[in-house]
Every structure is written in C-alpha cells, then in structure tokens.
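> If you read the sequences in order, they're chains A and B.
Here the first sequence is numbered in the working numbering, starting from 2 and rising by one per residue.
Here the second sequence is numbered in the working numbering, starting from 78 and rising by one per residue.
Since the hints were made in silico from the structure, they are not lab data.
Glycine included, C-beta positions come from ideal geometry on N, C-alpha and C.
Any given hint could turn out to be false.
Unchecked claim - Per label pair, the in silico range of CB-to-CB distance: (1) A/Ser39 - B/Thr276: 20 to 28 Å; (2) A/Ile21 - B/Thr160: 16 to 24 Å; (3) B/Glu154 - A/Leu111: 24 to 32 Å; (4) B/Thr276 - A/Asn37: 50 to 58 Å; (5) A/Ser123 - B/Glu134: 41 to 49 Å.
The primary structure of each chain is shown beneath.
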Amino acid sequence: MKSRKLSIPYILWMLIFTMIPVVMIGMTAFRDKAGNFSLTPFVKAFEYKNVFLKSLWIALLSTAICLILAYPVAYLLTKMKKSTQNTVQLIIMIPMWMNFLLRIYAWKILLQKNGPLDMALSILGIHGTYIGNTGAVVVGMVYEYLPFMVLPIFTVMSKIDTNLIEAAQDLGSNGLAVFKKVIFPLSIPGVISGITMVFVPSASTFLVAEHLGGMNDLMIGDVIDRIFLTDQNTGSAISLILMVFILIFLVLMNLFGDEEAIA
Amino acid sequence: MKKILSILLSLILIASAAACMPGCGATKAGKNGEVNVYNWGEYMALGQEDDIENVIEMFEKETGIKVNYTTYDTNEELYSKLTQSNDSYDVIIPSEYMISKLIDEGLLKEIDFDNVPNYQYIDDRFKSLPCDPEGKYTVCYSWGVTAMVYNKTMVKSEPTDWDALWDPALKGNILMFNNSRDAMAIAMQQCGIDPSNCTTADVDKATEKLKEQKPLLKKYVMDQVFNEMEGGQAAIASYYAGDIATMIEENEDLDYCLPASGSNLFYDAMCIPTCSKNTGNAEKFINFMQKPEIAAENCKYLRYGTPNTGAPEYLDDDIKNSELTFPPEEYLKKCYVFQNVSNDVYSYMQEQFLRVQAE
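Generate coordinates for the entire structure from the input sequences, incorporating the hints supplied.
Take a look at the structure:
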C-alpha cells in the first residue's frame, strides 16, 4: 500500500506526459487534414520505407559496434581497483557532459576534407573522403551512445557474486569456461538494457545524419522533423510505425532475457 | 507515514515557491513593460562581432522596455507557432509569401504609423509591397536576392547562371538549398516556369529537375553552407546574396555570381500579429529598428539590403557599393517575388522536396 502511494506522482506524470500524447499521436495518424478518419497518412508514410530500413540498419549497426566495444571495457572495469574504476568511469562519462551538437560538430571537423584525419592519412599516401557517408553517421552514433552501453553492462557485471566464480573454478573450470558458463550468462540483463538504451534513441535520432551523412543518409527522425511542419498526419503515422518497430524490437529482446532488464 | 508525506509535500511546495521567486524576478518586465520579438536566427545585430553593436540592448537602455527575443529557422516554423501555440508575440519578421498568408488568415494587426515616425525613412518602393499592397501591416526590415557562391580554385569555368548547379563536372561538390520553396524555384527557372506562383503540375516538373540534380549534389544545406564554403569543402552553392558577402569576407577564394536568368527577390518585414499583448511597445520597437543608424548597424551585420533611405550614410563604401547587399536595378528587373501559393500546393511542394531527398 505504502509503495503504491509513493508512485502516484510518477503515474500522474506518465498519464499526462506519456499516455495522452501517445493517444493524440495515434488519433492524428488515422485522420486526414480535414479531420476525418483516413488511412492516407499510412499510405504516405509507406513511401518512406527506404528511409525506415536505412535508419533501422544504421541503428542496428551502431548498436552492434557499441556492444563489441563496450563489453570488453565493462568486463575489464570490473577487474580494476575501486579507485581506477571510478576514474575510468568518469572518463567514459565526460563526453556526455558536453552538448550533443557540439560533439557532432567536432566529428565534422575531424572528418572533413583537409581535416586532421584527411591530413594524417594523406601523409601516408592514402586519399579519401571520410565525411558524407553512412560510415561517418555510424561513427557519430557510436560515439554518442557508447556510454549508454558500457554503464549498464558494467553495473550488472560488478554485481555478479564472486562466490559463483570461485565455485566454478573449484569445480575445475578454466578461465574461458568460467566466462562462458558464469559471467556471460549473468551479464545478459546488462547487455539487453544496453542494447535497448542504444538502439531506441539511435533509431529515432535526427541531426546526426544531417551533419555527418551524405545525400543518401536521411534518417527517419529527420523525415519526421521535416514533415511535421506541413503534414502532421503523416508525421504522426511515421512516428507511430517507428514506435511499433521499437516495440517489436523490445519484445524480441524480452524473449532473450530477463524481463526486468528491459523495464 | 501520512505525516512524513505531508511534511515532504509541504517542503516541496515551499522549495518550488522559493525557487520560482528569483526566477520570476529575473524575467520580470522592464520598467516600461516588455516586448516579445520573434525573429529569424542570426537576423539582427546583437554584438556578434567586436565591431557590431547590440541593437536590442540599445533599445532596452533607451526605452526601458524588456525585449524577450526568440528565433525561428523557417517561415513555416513561425506559422505553426502562431497558429498552434498559445505563445504571444509582439513583433515578427516573416517573408513576403508568409505575410500574404498571415494577412489572408487575419493573423496580422494593422500598424498605427503615427507611432512609427521613422517610417518616413522607408524607400517608397518598400511601402507597398505586393504582399501588402496598401502598406497597412508591414514595415520592411530587409531585402535581398538569391545568388550563387563558388570557389575559384575548384570550378573550371566561371558560372554565369543556375545551370552551373547541374554541371556534371562539379559532381559531388555542389550544395543546394535545403528549403523547398527556394530549391523548387531554381528548378522551376531551369524548366522555364515562373516560380512566383505555381501549380502542382509545375511542382512535378521541378521535382523531376531536382531528381536529375540529386546525384551531382554534395548535400542539401542551409546554415551549414557557411562552414562548407568558407572551409573550401564544396565548389559551388546557392544561397542568399547577403550571406554570400559574409562568406567571401572569410575566404578570398570565393566569388559570387548573380545568375543571368534572374533570381528570387525577397522581403522580410516587421509585423505585429493579432496575438500581440504589447502593441504599443511593438510599435516602439519597430520604430527603433528603423532609426537610420540602427538600420545601418543591422545592414552591416546582415549584409542584406536595407529599405531605410537614411541608413547608407552610416555605411562603409564597400557595403554601400556591394552588388550582393544592394543588387543593381537592372538585375532586380529580372527577379521574381514569391506570391502566396495555396496550402495544398505549398504542402505538396514540401512533400515532393522531401521525396526527392528520401528517394
């Protein structure tokens, strides 16, 4: 009873700022400009299917790279002394204190023609374009969201009971077997919440592609941003479809692991 | 438990009230009230550089009226704020086609010109703009044309007309407006259509032209054009002439071209929307901005033409004589002014432009 009362402020918050807007988006998506029931917004939204697929692909790729980079870091973090752990955690967090757009601008300068990367590689005789392509967008996303992958995995891993690891070793497991049979399975909830925290925002992000991408890197977030000015119905329909995709993704994730990790 | 909760709640109440007080104090109106100004981003001299004054501070000092200054990026953003939010604005600075739309929809107040004596400085040809033929709602703020900027070291031949933006030799180095109306207008000129007023069929033709151009483009840009051109990242771009003057100052490899077939002549004018609650202060603000020295300061920063006939005497010769700031009369004859197109055509144009990009 006690706990329920304490959750009232949040429930109210959620009702006003989450549920009502979602219902309104839903209602707008199924109407035409005159306000009558219509499926045209969805027909129009379907025209942007390429952009959808591309955005989901970029988000998946970024999430996968984040996972590959973050998992070993998180694992090594748990092996460190408490004081080193704090320092490394701080270093991982510092970029997040800086304004998001500023970080994207920094990448733009790094990757541009005659920028530091181009200059350095030119000395080695390698010439190329490093900005204005999907790769640059993925790099920007990974940079943006990497901390969101490291931290949940680290939190879950550091809670693994060392007795379990010792027990496994006592029973004759070598290092690899301990990792495979004990550490990895127990870290899955962290991996899942990390994936969720990276995939969801990167699928719906905007501006990153506008700055780092090229002609064919328009993302669905940018389309929603643009289309909302003149056509809120289609904009709502696209948002709704995106929400459904993310929901499906979360449900799939749910099948793999612990339910609590997702909430 | 209940007691603790109620104590907590009252604490929160007190804390939030206390937190609000200095906050409320800070945003309190000046001694003579306030004025809410909603302008384009980077569209007023606000002390951005050492030699640029902050005209809003000067206004506040002179009148004791507090200015709440916010900005928008597109006319459409302004329109949706005016029609869909409850925010109240006192002075807005839309472009000509948006002004016609706002007048048609009854969203602008008539200005009492007795309270705007500096209106006398406005050049007569800006007193009866096509969007406001009787000159009841507008005080022109600035004007200009669209043009091209190019990097002399990157183009093989000097561009003379818009077709340079379709030049296969510049593939991957061309920047185009990321704004449907301006991009479509250039494409329409290429198709021989008058862009000032268009139908959906015209939009379709322009869309095809833009699709043809897309593989040659580096990017669709707006503000990013400054970085791209000043940093030598692209060879040629379409943009607003006044801004091109700014870019050329930053990079001497750049030069400009007023397209032979003409371009878009635009006006932005100060208006008072019907949601205004401080009309008197709005008129004072508009009047202040038309003081010749203030108009000159804005012109110096913006490098867009000023309609104020008193301003040039405060301007340096290189600005006064710049074709980008004050395009020559013969060139203006070739230019066209956007008229308000119907909502349907307008949103169709917006959609088609997005389709070109999403393809």
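> Decide, hint by hint, whether the structure agrees.
Outcome of the hint check:
Between A/Ser39 and B/Thr276 the beta carbon distance is about 24 Å. The supplied range of 20 to 28 Å therefore holds. Taking 16 to 24 Å as the suggested C-beta distance range, the pair A/Ile21 and B/Thr160 conforms, at roughly 21 Å. Evaluation of the 24 to 32 Å hint for B/Glu154 and A/Leu111 yields a pass: the beta carbon distance comes to about 31 Å. The given range of 50 to 58 Å is broken by B/Thr276 and A/Asn37, whose C-beta atoms sit roughly 25 Å from each other.
Taking 41 to 49 Å as the suggested C-beta distance range, the pair A/Ser123 and B/Glu134 conforms, at roughly 47 Å.
Checked against the numbered hints listed earlier, the structure breaks hint 4 alone; every other hint is satisfied.
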